[in-house]
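4 protein chains.
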Amino acid sequence: MKTSRLEAFSDGVLAIIITIMVLELKVPEGNTFADLRHATGKGLLSYLLSFVYVGIYWNNHHHMFQLARRVTGGILWANLGLLFCLSLLPFTTAWTDETDYARSPVVLLGVNLLAAACAYVGLQQVIIRAHGADSELRRAIGWDAKGKLSPMLYLTGILSAWFVDTHGRIGVIIASACYTAVALVWIVPDRRIGRAVSEFGSPD
Amino acid sequence: MKTSRLEAFSDGVLAIIITIMVLELKVPEGNTFADLRHATGKGLLSYLLSFVYVGIYWNNHHHMFQLARRVTGGILWANLGLLFCLSLLPFTTAWTDETDYARSPVVLLGVNLLAAACAYVGLQQVIIRAHGADSELRRAIGWDAKGKLSPMLYLTGILSAWFVDTHGRIGVIIASACYTAVALVWIVPDRRIGRAVSEFGSPD
Amino acid sequence: MKTSRLEAFSDGVLAIIITIMVLELKVPEGNTFADLRHATGKGLLSYLLSFVYVGIYWNNHHHMFQLARRVTGGILWANLGLLFCLSLLPFTTAWTDETDYARSPVVLLGVNLLAAACAYVGLQQVIIRAHGADSELRRAIGWDAKGKLSPMLYLTGILSAWFVDTHGRIGVIIASACYTAVALVWIVPDRRIGRAVSEFGSPD
Amino acid sequence: MKTSRLEAFSDGVLAIIITIMVLELKVPEGNTFADLRHATGKGLLSYLLSFVYVGIYWNNHHHMFQLARRVTGGILWANLGLLFCLSLLPFTTAWTDETDYARSPVVLLGVNLLAAACAYVGLQQVIIRAHGADSELRRAIGWDAKGKLSPMLYLTGILSAWFVDTHGRIGVIIASACYTAVALVWIVPDRRIGRAVSEFGSPD
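Residue numbers (the numbering used here), protein chains in the order written: chain Y, 1 to 204; chain Z, 1 to 204; chain H, 1 to 204; chain D, 1 to 204.
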C-alpha cells in the first residue's frame, strides 16, 4: 500500500489543527486598537505559538514520509496517535498563554509536547520496522541525536516547572527555555532526510 | 472513473469529523489541575473514544479502497451515507459520556454504530457489485465473519440497554461490552485485504 | 495546467461545507430521548437535507471534472463562485427548517439554490469554452435538458412562495415540490458523462 | 522532494480559511427578511470580501507552484508564513466591515494585507533561489511589476488611513481604494505563468 492517502489524511487533520485557534479570535466590540487588545488578549500570541509547533511537526512528518515506501496497519495507528497528541496542542498552548505561564499549564504543555515527541519517535520506529533491516529511513536518521535529546529536554522542563522554586518563576522559566530549545532544534527539517531523498529518490 | 478523488473527499470529511470534538474543549478559567478537570469534564475522554472509532473506520475505508478499481454513482452515494453516519459519532459519543452512560444515550450510540456498520457493509457490497463477479475485494473478504458479526453484536447491545435491568446498570454494561468487542475486532485493519493487495497489486 | 489541484481544493471546501451543520448539534442537558428532541430540534433534519444537497453537487462536480483536461483562470473563478453559493446552503437550509418552511426563508433557499445552479451551468460553460469547439464535455452533455430545466423549476418555486396564497401554505408547498423535483433529477449523477469517460478515457 | 504534498496541505488550510466566516452567520430568530438583515448584519458582505481575497491568493499560489519543481525546508516555512498571514484575513476583514470602515480596523487590514503580500513575494523569492539562476519561475515573472507595486499601494493605504483627515473619512476612502486596486490587479492570475507552463510543461 502506498503512503499517499495516509499523507493526505494527515494533511487534512493538521490543516484543521493549525487553524483551530483562529476560530477563537473574536472581533472586538469597539473600533480602536485598545478594543482590539482587550478582545483578543493573548489569543494572537497563542495562535502564533501553536501554529509554529504544528508547523514544525508538519514539516518533519513531510520529510519522514519521503522515505516511507509502504503503509501497514501499525503505521496507520502510530500516525493517528501522533495526530491525536498534536490536536491537543492548541488547547494546552492557549491555557499556558492565558494564565501567563502558570505552573500547572506549563507542566501540562510539557506533557503534551513529550507525548507528541514520543508518538513521533514511535511512528519513526514503526516505519523503520515495516521496511526491514535495510530501511533507508534508518540509514538516513543514523544515531538520531535530535530524537533522543528532545524527550529528555521535555522531561527536564516538566520536572523543573513542577519542583523547582514552586513559589517563584525560576522553574517555569527553565521549562520554557527547554521547550523553546527543542523547537529551535527541529525548526530546520531533517537535512539527513533531504540528502537521502536526493540519493535514493522519493517513493512518489 | 478512478477512486482517488472519492478517497480525497472522504479524507477531508473524516479529518473534520475526527477533530470536531477538540473544538468543544474550553480553556479553564483558573490555572490549577482542578480547574482543568472542572472545565473539560469528560470532554477529553469522549474525544479520545470518538477519535478511536473514526480512526477504525478510516483505516478500514483506506484498506477497502485499495481493492476498488473504479467509482460509480452508487459507490459515491453509499460512501456519502457512511460519512453521514460517522459524522454523528462525535455527537452520540459525547452524549453517552456526559450522562455517565445513561440508557437512552447508550441506545442511541448503538443505533449510530449499527447504522455506520450497515453503511460500511452496504458500501462494500456496492463496490463488489460494480467490479463484477470476479471482484478482488470479494475474494479478499471471503465469507466476511467480521462484517456479519458486528451488526449482530450492536443489536444485542441496543436491546440489552433498552430492556435488561432498566432500573440498574447491567443492561448498559452488556451494551458497552458489545460495542467495545466490535471495536477490538476492527482495530486491526483487514489483513485479508493487505494480502490481496500484495497479490493483485494496488490500483493507484 | 492540470485539474488535480482544483479538485483537491474543491474537495476540501465541500468537505467543510457538508459537515458544518454537525457543529450546530448541541449535546442535550438531560439523558432521555425527550431531552434529545428538545436540544436538537430540527437540527438533524436540516443537517440531512443540506448534506444531501451538497452531496448532489459534489457528485456532479466530480463527474464534470472527469472530462476537463485543463484549468484556466476563468475556470478557477467560476469554480470559486460555485463554492461560495454552496457554502451558504447550510445557512439557508437551517433557516428554512427552523421556521417550519415560512415564506421568506423558502424564497431565500430558492434564490440560493438558483444561484448555485447558475454557477454550476456557468462553470460548465467556462470549461467547455476552455476546451474548444470539440470539447468532450459538450458532446457528453449534448442539449443538457437537466441544466436548462433546473433554473426554471427553481424560479417557479421562488415565485410561488412569494406570490401564491401569501396567507396560506400552498405557495410554499409548490416551492418545496419544485426544489425536491430538481434534487431528484440530479441525485443520479450524469450517466452521459460516465459513458463519455468510458469512451474517451479520464484525464488523470 | 516534490511539491504535491505542500500544495495539498496549503489547499486544506486555505479551504478552512475561506469558509471560516460562514460559521459566524447565525440563523435569524424570526422568519422575515428584516430578521435576516438584523441577524447577519454585515456578516455576509465581510464573508464575500474575505472569500474573494483568499480566492485571489489561492489562484496565484496555484499558478506559482506550477513552475516549482522541488521543495526545500525554506519553501515549507515561507509557505507556512503566507498561510499564517492569510488565516488572519477573515478576522481583520470582519472587524473592518463591522465598524463601518473605522480608521484603526482599516489600518490593521492594510497591515495584514501588506504582510500577506510580503510573505507571497518572499515565498516567490525562496522558490526562485531553490531552483537556481535559471529558474523558470524567475523567467516567467520577469521584472514583476505587480509584485513590486502591491506593497507600495498597501503602504500608501495604511499611511492615508492613519494620517490623512483623521476626523473625516477621506483617509479611509483613499485606503479602501488602494486595497481594492491591488485586488483588481491580482484577480486575473498571472498570465505570464500560464504562458510559461505551456512552454516548459508542468512539473506534475
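Treat the hints with caution; some may be incorrect.
Copies of the same chain are indistinguishable here, so a pair counts whether it falls within one copy or spans any two.
Stated by the list, open to error - In silico BS3-like links for lysine-lysine, alpha-carbon gap of 30 Å or less:
#: 1; residue 1: 42; residue 2: 148
#: 2; residue 1: 26; residue 2: 148
#: 3; residue 1: 2; residue 2: 146
#: 4; residue 1: 148; residue 2: 2
#: 5; residue 1: 2; residue 2: 26
#: 6; residue 1: 26; residue 2: 146
#: 7; residue 1: 42; residue 2: 2
Hints are computed from structural coordinates only; laboratory data are not their basis.
Results for each hint:
1. 42 - 148: neither (33 Å within a copy, 33 Å between copies)
2. 26 - 148: neither (40 Å within a copy, 33 Å between copies)
3. 2 - 146: So residue 2 and residue 146 pass the 30 Å test inside a copy (27 Å) and across (25 Å) alike.
4. 148 - 2: Both, since 28 Å and 29 Å are each at most 30 Å.
5. 2 - 26: Intra 42 Å, inter 38 Å, cutoff 30 Å: neither.
6. 26 - 146: neither (38 Å within a copy, 33 Å between copies)
7. 42 - 2: Answer is neither: 42 Å inside a copy and 37 Å across each miss the 30 Å cutoff.
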